[in-house]
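Colleague: Make a model of the complete structure from these sequences and hints.
Next come the chains, spelled out residue by residue.
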Amino acid sequence: ETGVTQSPTHLIKTRGQQVTLRCSSQSGHNTVSWYQQALGQGPQFIFQYYREEENGRGNFPPRFSGLQFPNYSSELNVNALELDDSALYLCASSGGTGERQWGYTFGSGTRLTVV
Amino acid sequence: AQRVTQPEKLLSVFKGAPVELKCNYSYSGSPELFWYVQYSRQRLQLLLRHISRESIKGFTADLNKGETSFHLKKPFAQEEDSAMYYCALSKNQGGKLIFGQGTELSVKP
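Chains as they are written, first to last, in the working numbering: chain A, -9 to 105; chain B, 39 to 147.
If you're looking for bench data, these hints aren't it; they were derived computationally from the structure.
Remember, it's a predicted structure, so these values are computed and weren't measured experimentally.
All C-beta atoms, glycine included, are put in the ideal place defined by N, C-alpha and C.
Take the hints with a grain of salt, since some may be wrong.
Computed footprint of chain B on chain A, listed as stretches where at least three residues anywhere in the stretch have a Cβ under 8 Å from a Cβ of chain B [to be verified]: (1) 23 to 35; (2) 74 to 85.
Reference excerpt, derived from the structure (chain A facing chain B, CB under 8 Å, subset only) [what the hints assert, rightly or not]: (3) 38; (4) 46; (5) 48; (6) 93; (7) 94; (8) 96; (9) 97; (10) 98.
Modeller: Here it is in structure tokens:
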């Protein structure tokens, strides 16, 4: 079974620009969650998508938005980038059956640097 | 407010010594508790969860509702246990995870 893949792995953007990060969920998983991990911190929940609908959102401004596609892959879009948006962005998929329902599978992340 | 606290940023022990990584949480209800681990240059992965009461790689964690703690323990640390450990809670199956800040475990030879 394939894991969660994220692209790109690294990205440098200028303040004020927009960025799109991509995530392919693990086979059989219908739920995708996005997390922001600043340096030296634990991951913080941004939002979750279940069957193409937003299914919960953390304390992030509206310029953070997302999409989930019919194949359960997902995008995270951030508009008007700020320096504080520099972080590792993690995608996690879940939603298998039985015992696997509790297991989130994380991607390796996209390292975003805003200059 | 829901919160997970890991009081130690860094824990350094010698190989063969016992290890306890502390985790305290605040949540009004009965959350599900997890430990995630991130080895060097690898992705975050689930180590164990309290509902399954399992022991993975010699690690165990007991949920103490009275003290709102979920400390991770291992009787004899190994060098390969060196990694970042994150405690996390979720209020329901498939719900968002709330992570602590993480504890870096360093096991010296």
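Colleague: For a quick check of understanding: which of the numbered hints are violated here, in increasing order?
Modeller: Those not satisfied: there are none.
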